[in-house]
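Sequences and hints are given; from them, build the entire structure.
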Amino acid sequence: MSKRVVAHARSGARGLAGFTLVELLVVIAIIGVLIALLLPAVQAAREAARRSQCSNNLKQIGLGILNYETTFTRLPPGSEVKVPEYCSGSQCRGIPMSILIMPYMEDGILPDILQERINARGGNGGAWGLIASDTGNTVGNTRIPTYVCPSTEAWAGILPRLDYAPVIGGPGDTSIGYHPRDPNKQPIANASSTGRGFVWSNGPFNMGVVVPLKKVLDGTTKTFAVGECISATRYGAGPGYGSNEGGPGAWWYGGSCALDFSKDYSGHHYRHLRSTLHPINSHITNPQTEAIQQNDACFSSDHPGGAQFVFIDGHVGFLQEAIDKDTYNVLATHAGGELIDPQEM
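In case it helps, our numbering puts the sequence shown at residues 21 to 365.
If you're looking for bench data, these hints aren't it; they were derived computationally from the structure. It is possible that some hints are incorrect.
[As the list claims (entries may be wrong)] Ranges of calculated distance between the beta carbons of each label pair, as one might list FRET restraints:
(1) Glu358 x Glu173: 46 to 54 Å
(2) Arg66 x Asn161: 22 to 30 Å
(3) Pro123 x Gly239: 22 to 30 Å
(4) Arg70 x Leu44: 34 to 42 Å
(5) Ala355 x Ser72: 28 to 36 Å
(6) Asn161 x Leu359: 44 to 52 Å
(7) Glu43 x Ala342: 46 to 54 Å
A virtual CB, placed ideally from N, CA and C, is assigned to each residue, including glycine.
Next comes the structure, spelled out in structure tokens:
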């Protein structure tokens, strides 16, 4: 082989040995641009998967409500409060709907130990007290996957948290503010404040009150049943319990109710029920509402732009933060007789 051929071969070998510094920087820049372009898509795909799981959770809750209705020919109460069976003190703590529908969900997930305790008292016993008396709090620290939205970032260490709330109603009813079981209910202009926020009585779920499905006159496809709620409240299970920091509610929290139903809502505390008084995610746009009283907490989520609701008929819809206020309030009532423009939903 001639010297010229050998030299040429060596020269070619050196040319293929590697990239120049400029070429390497260009490649790194291209990779960085691709990552920047793909990362939002990956994050969006992950959020879509989480939102889908959240939707499935709400479908399970809706199924539990409808199966309960099939069994008892009525919707479950927001909280089962029997006076005076459930208590002998000044207030009663009932069994919340989240427990009442557990046996009727697809998984049938009512913890055995809780069912045993309820059965031991003939079905008459506030779940709150039963769990609080549980040695070791094995039930109270149980996470119910169906009741936890996978998109919720806060309170990850609070195992029994409940990210969904039954709908008690919203502004618009002239009789709001008095308990539906009060035989002497008088119409008033505004809802009654309990000292822990306003409450309403025009929604499908209430304290100690059941609504037959035929009484949902506004239509089961146009009436909220349960919505997402991750707002911190002053009375929760989290680190801020009893303080302005707030904390999440637990799936076993029942509301408390005054023994005398002839009074207005004074003393009725709805730790696990929510109304449409405040806009969706208003705790985000107004940080001062992050630790509001539990009765006033808004429906909310960590999904961008809104929150999901399951309706009485069992279908799930995503409601935008910008939903018309009147439409939002109308969807929270079950027999208001209002007309809804589907385009506003």
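Going through the hints against the structure:
With their beta carbons about 36 Å apart, glutamate 358 and glutamate 173 fall outside the hinted range of 46 to 54 Å. Arginine 66 and asparagine 161 have their C-beta atoms about 28 Å apart, which keeps the hinted 22 to 30 Å range intact. A C-beta distance of roughly 27 Å is found between proline 123 and glycine 239, which places it inside the suggested range of 22 to 30 Å. About 38 Å separates the C-beta atoms of arginine 70 and leucine 44, a value consistent with the hinted range of 34 to 42 Å.
Judged by the Cβ atoms, the range 28 to 36 Å given for alanine 355 and serine 72 holds: they are separated by roughly 32 Å. Taking the beta carbon of each, asparagine 161 and leucine 359 are about 46 Å apart, inside 44 to 52 Å as hinted. Distance hint for glutamate 43 and alanine 342: a CB-CB separation of about 49 Å, consistent with the stated range 46 to 54 Å.
Hint compliance for this structure: hint 1 alone is broken.
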